[in-house]
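Asks: Chain by chain, the residues:
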Amino acid sequence: MPSVLVLEQALNGLQFGLMLFLLAAGLTLVFGVMDMINLAHGSLYMIGAFLGAAIVGATGSFVLGVAGAVVGTGLFGMVLESTLLRPLYARDHLSQVLATFALILILNDGTRMIFGNDLPLSAPAALAGPVELIPGLYYPSYRLVIIGAGLVLAALLYVLVAKTRMGALVRAGAANREMAMAMGVDIRRLFTVVFGIGAGLCAVAGTLMGPLLAVQVGMGENILILAFVVIVIGGIGSIRGALVGALLVGFVDTFGRTVMQQLFREFFPPQIASAAGPAVASVAIYVFMAAVLAIKPQGLFPARG
Amino acid sequence: MAKLLRSLALAGAAAAVAAAPSLAAAADKVKIGFVSTLSGPSAAIGTDIRDAFLLAVKLNGGKLGGLPAEVLVSDDQFKPDVAKQLFEKNIKRDKVDFMTGVVFSNIMLAALPEALDSNTFYISPNAAPSPVAGKDCNPLFFAVAWPNDAYHEAAGQYANQRNLKSVYLMAPNYQAGKDSLAGYKRTFKGKVIGETYTKLGQLDYAAELAQVRAAKPDVLYVFLPGGMGINFVKQFVGAGLGKDMTLLLPGFGASQDVIDAVGAAMTGIFNTAHWSPDFTNPANQKFVAEFRKEYGRTPSLFASQGYDTANLISAAVRDVKGRLEDHEAVRKALKAARFDSVRGAFKFNTNQYPIQNYYVRTVGSDGKGGLTNKSFSEPILKDHGDAYVQDCKMKP
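Residue numbers (our numbering), protein chains in the order written: chain Z, 945 to 1249; chain B, 39 to 434.
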């Protein structure tokens, strides 16, 4: 396999992984800090994408669209947390799953009523074409912007969690919630802020992915499953784990879809290869997750020691 | 004994009642059950078929073949089991004369037995899977649009004509995807240098596009219906592959709903179809103008099929003079297809699938700031049928 192709696929894996990270970061914090399973996390991704698309449609500015989506979705997330989700913290996981699943249905239909089934969203015209990174390697400029934005946000999130007072509180909450409360941490306000940040990250991912995928009702459900795979691999509650897990899932999926199918073609007769290759590719990340869990049942970087 | 006599009498009376309709000379109206996918991400196709079907009825003054037409429209929600129930309801309770409407082959195949087993005609405005063209052909089934393989066979032929030697093929990993690539290979004389099956419903094709770029084919042929195709074309253009190879699509991959969704990136893309909005035959010019007037958009391929379906039924009802109970006569009239199709001339094969011309289309400006398909004047496949007709053991 030529090295240019490997490099291009690596960029694809990186881009996909970073977007998954934006989703998984919020999910892992909510799950880790609040011990709350929020299935409606994907709905925030959808709402962010719809808000972004609507603002881009009205103003014509993509930057404004992303900013507006982040603020709008962040605020919506905080309202959602302080009204509907807060009473659920004391309940068991099954009640949380049921309630947030209901929320998915409500938010899907609510979005449909306000925005319709889908909204058009295109990448800015200046980023529509490819750029030549090294001779022979053309890469879509829009995907490069996504990679850049993902890296910047990952760095910011690292600083926030590792170097600030709020980050220390978040880590304390993830490691041992009761102890953090006993030490006088205002856990209520912390939860609301964490939830708002998670929702804002969803909105970034939703708006950036909108032009590549499609802004449509139900877009959050498929990606939510992957986000859960990421945080289970990475270790629940760990931002570092979410980043590593997301990148691993991004690479495994990208190479599973391409290299694996080719390997199958080289080693098996065509009938078997064309049937088994795609089948294996589509389950590659789940096999990978099972392998990780077999070796490290707590995930790669468990937040709770 | 008395009891037995009474039941015999009842049975006789029932038989008389059941027989009564066939004695009536002609029906006073024609009832049509229209079941299609009208909600969800794939709703655009069914909506176009319905709109065009109802437009045809409206342009006929609310009648089909001279009889007042009643069209019962319902939504299968993209679910085979729902479609099956709706068919049963339309046939058993509403007692329709014709069933039609379904978009997707898998949904139609699930619901079709409801119609065929209760002796009701199914006039397919879109789905035309290969089994029903061959060994499972049925006198009650008519495929108005095109056999599932036809566009792909036309695309392979077009690549030959352009002297394009190597192809990379891509389709979702399900039966229709595999059939479509088989159809392309049936006519293509060059070399297949790559073949990828993607996950059904996949929306990001970055990894596959990188493989295609490395394989350097002359032509990339892609069967990705609906939203998958919309995303694929956008990403193909974003990756700048357009200058390295020719992207070839089946007609529905570049139908009007896809063009409107993708936008300027569609310009110059080649695709194959049996119909194009720029056909100059009078029936088509009237259809395109009336459709634009009624709905404010350019009709898609699927709309043309819905319109033809309504007019085929209309012609048959007219030719049997409303005697809808006479199934043999209705079938003969349907098969004769005496109406002006918007695709131009066509006829039904012995398996009741169409024999017709296929054209190459390219996407260009419609002169009003939008984009639309324009067809090459010479067909790429002339009087083309399907590869399964010899397996059909139906009496003519």
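One should not assume that every hint holds.
Covered, in the sense of this in silico footprint (three residues per stretch, anywhere, with C-beta under 8 Å from a C-beta of chain Z), are these stretches of chain B [claimed, not checked]:
# : stretch
1 : 226 to 240
2 : 378 to 388
Under 10 Å between C-beta atoms, here's a sample of chain B residues computed to sit facing chain Z [what the hints assert, rightly or not]:
#  : residue
3  : ALA245
4  : LEU247
5  : GLN249
6  : ALA252
7  : GLY265
8  : ILE268
9  : ASN269
10 : ALA302
11 : GLY334
Hints in this document: simulated from the structure, not taken from any laboratory. Cβ coordinates follow ideal geometry from the N, Cα and C atoms, glycine included.
Asks: Look at each hint and say if it fits the structure.
Replies: Results of checking the hints against the structure:
no. : hint       : in the structure
1   : 226 to 240 : holds (count 6)
2   : 378 to 388 : violated (count 0)
3   : ALA245     : holds, 5 Å
4   : LEU247     : holds, 9 Å
5   : GLN249     : holds, 5 Å
6   : ALA252     : holds, 4 Å
7   : GLY265     : holds, 6 Å
8   : ILE268     : holds, 7 Å
9   : ASN269     : holds, 6 Å
10  : ALA302     : holds, 9 Å
11  : GLY334     : violated, 17 Å
Hint violations for this structure: numbers 2, 11, all remaining hints satisfied.
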